[in-house]
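Participant: Chains as they are written, first to last, in our numbering: chain A, 93 to 206; chain B, 1437 to 1551.
A hint or two may mislead.
With a Cα cut of at most 27 angstroms, we get these calculated DSS-like pairs of lysine-lysine [unchecked claim]:
id : chain 1 : residue 1 : chain 2 : residue 2
1  : A       : Lys193    : B       : Lys1445
2  : B       : Lys1445   : A       : Lys134
3  : A       : Lys93     : A       : Lys193
4  : A       : Lys134    : B       : Lys1507
5  : B       : Lys1506   : B       : Lys1493
Hints listed in this document are in silico derivations from the structure and should not be mistaken for laboratory results.
Given next are the chains, with one letter for each unit.
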Amino acid sequence: KQEVTQIPAALSVPEGENLVLNCSFTDSAIYNLQWFRQDPGKGLTSLLLIQSSQREQTSGRLNASLDKSSGRSTLYIAASQPGDSATYLCAVRRSATNAGKSTFGDGTTLTVKP
Amino acid sequence: NAGVTQTPKFRVLKTGQSMTLLCAQDMNHEYMYWYRQDPGMGLRLIHYSVGEGTTAKGEVPDGYNVSRLKKQNFLLGLESAAPSQTSVYFCASSFRLAGGQETQYFGPGTRLLVL
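Take these sequences, add in the hints, and give me the full structure.
Facilitator: Below is the structure:
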């Protein structure tokens, strides 16, 4: 059974700092990995999706990398801003059939202080 | 587009009561999902649907039933609520691109407290 772990559970940084969030998974036979953002009391918003054949994806100040062999993904946030404060979750999907069969991590709650 | 909406936003139930959570999407997505989110356990899939009139069990289906009578709506029912069903419930919908890529769009969640 796939297990997804995100460490640390919480992170606090000053504004402007570059930071890395970690996601590890136990089964390297994945189809893709997705990073989400969740604001308090809100649903999840997709940030980046990396297919198993890819090594990284970029969107603005965000860069996600994937190393299947070691079962790890990182989300790099450049020049952090208070508006980046949220919980970041990663989700690993095993097969091409049905996104709902994804395994989610518990998330890392990020606080960016002005 | 309103995206994915959920009704109600918050509800308190007594043990044994029943209720239905409504999810609606206006993006013409084929796939819809119900998750529950609990501290330390991530999001877990309860039930899902790959099209109108179809439903399937997810990881934690016990104590829940679902229906997809219309493409845009996915209902989650609790027939006899238990305190263990206290959680935040999220609905999501998605469509699949030709290459198999699929992104889920989530609703804002329903907070349920069972006393």
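Participant: Within 27 angstroms, alpha carbon to alpha carbon, are Lys93(A) and Lys193(A)?
Facilitator: Cα-Cα ~12 angstroms, so holds.
Participant: Compare the distance between the alpha carbons of Lys1506(B) and Lys1493(B) with 27 angstroms, and conclude whether the hinted pair is satisfied.
Facilitator: OK: Lys1506(B) and Lys1493(B) at ~18 angstroms, within 27 angstroms.
Participant: Does the structure keep Lys193(A) and Lys1445(B) at a Cα separation of 27 angstroms or less?
Facilitator: Given pair Lys193(A), Lys1445(B) holds - Cα atoms ~25 angstroms apart, limit 27 angstroms.
Participant: Regarding the pair Lys134(A) and Lys1507(B), is the alpha-carbon distance no greater than 27 angstroms?
Facilitator: holds (24 angstroms)
Participant: Please work out if Lys1445(B) and Lys134(A) have their alpha carbons no farther apart than 27 angstroms.
Facilitator: holds (10 angstroms)
Every hint from the earlier list agrees with this structure, and none is contradicted.
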